[in-house]
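Student: One point on numbering: in the working numbering, the residue at position 107 of the sequence shown is 107, and numbering is uninterrupted.
Keep in mind that the hints were calculated from the coordinates and are not lab data. This structure is a prediction, so every number in the text was calculated from the model and none was measured. Please note that a few of the clues may not be correct.
DSBU-like, lysine-lysine: derived pairs with alpha carbons at most 30 Å apart [to be verified]:
1) K2 with K20
2) K96 with K114
3) K114 with K2
So the derived label-pair ranges between C-beta atoms look like this [claimed, not checked]:
4) H136 with H28: 44 to 54 Å
5) Q64 with D125: 22 to 32 Å
6) E139 with D34: 48 to 58 Å
7) S131 with L106: 32 to 42 Å
8) P127 with M1: 45 to 55 Å
9) A31 with Q119: 29 to 39 Å
10) S131 with W59: 37 to 47 Å
11) G81 with D138: 36 to 46 Å
12) G67 with I101: 27 to 37 Å
13) Q119 with F65: 28 to 38 Å
The C-beta atom is built at its ideal place from N, Cα and C for all residues, glycine as well.
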Amino acid sequence: MKKIAIICGGYSSEFDISIKSANTILAHFPAEYDAFIIELTRDNWTAIYQNQRIEVNPWEMSFQFEGTAIQIDAAIIYIHGDPGENGKLQAFLEMKNIPCINSGALASEISFDKWFCNQFLRGFDVPVAKSILLLHPDEYTAKEIIDSL
């Protein structure tokens, strides 16, 4: 039976929402897969497997359960923000040859930065609304912004 990790948590303020969403996915996952949650924080990765919380070895993409190594066959990333939506986790999984049921690392990274994504799309003649990158909001007056847009 394929082992599917639903990876959630992450580093953003939406940590709790990610956990709730992942649990909803898990509750409705097809029975022919052995699906489980992996909570990701800056400090560790923890699998919730058969009602037990178990430390995951991210370098091996596995964990020990009752003396048996559980190897992750594929993953669904359900992390809002860093490192899920920005492509970092997808890139890590690609290096480990773990399929991911999300967009790839490059697509995630490009689309995460809205300014960069718009510049990228313009390069392919995709119509994109005018915008201004405000790195320091006090650099422009409201009138300059309105006049430019």
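Student: Take the hints in turn and mark each one as holding or not.
Tutor: Going through the hints against the structure:
Restraint check for K2 and K20: the C-alpha separation of about 23 Å stays at or below 30 Å, so the hint holds. With a CA separation close to 28 Å, the supplied pair K96 and K114 stays within the 30 Å bound. Note on K114 and K2: the hinted pairing is violated, with a Cα-Cα distance of about 35 Å set against a maximum of 30 Å. Against the hinted window of 44 to 54 Å, the Cβ-Cβ separation of H136 and H28 comes to about 45 Å, which satisfies the hint.
Between Q64 and D125 the Cβ separation comes to about 53 Å, which falls outside the hinted range of 22 to 32 Å. In this structure the hint that E139 and D34 lie 48 to 58 Å apart at CB holds, the actual value being about 53 Å. Judged by the Cβ atoms, the range 32 to 42 Å given for S131 and L106 is violated: they are separated by roughly 22 Å. Roughly 47 Å separates the CB atoms of P127 and M1, a value that falls within the hinted 45 to 55 Å.
The supplied range of 29 to 39 Å is broken by A31 and Q119, whose beta-carbon atoms lie about 45 Å from each other. A beta carbon spacing of about 40 Å between S131 and W59 agrees with the range 37 to 47 Å that was offered as a hint. The given range of 36 to 46 Å is broken by G81 and D138, whose C-beta atoms sit roughly 26 Å from each other. In this structure, G67 and I101 meet the distance hint of 27 to 37 Å, their C-beta atoms being roughly 29 Å apart.
Checked against the hint of 28 to 38 Å, the C-beta distance between Q119 and F65 comes to roughly 46 Å, which is inconsistent with it.
Of the numbered hints given earlier, the model fails hints 3, 5, 7, 9, 11, 13; all others are met.
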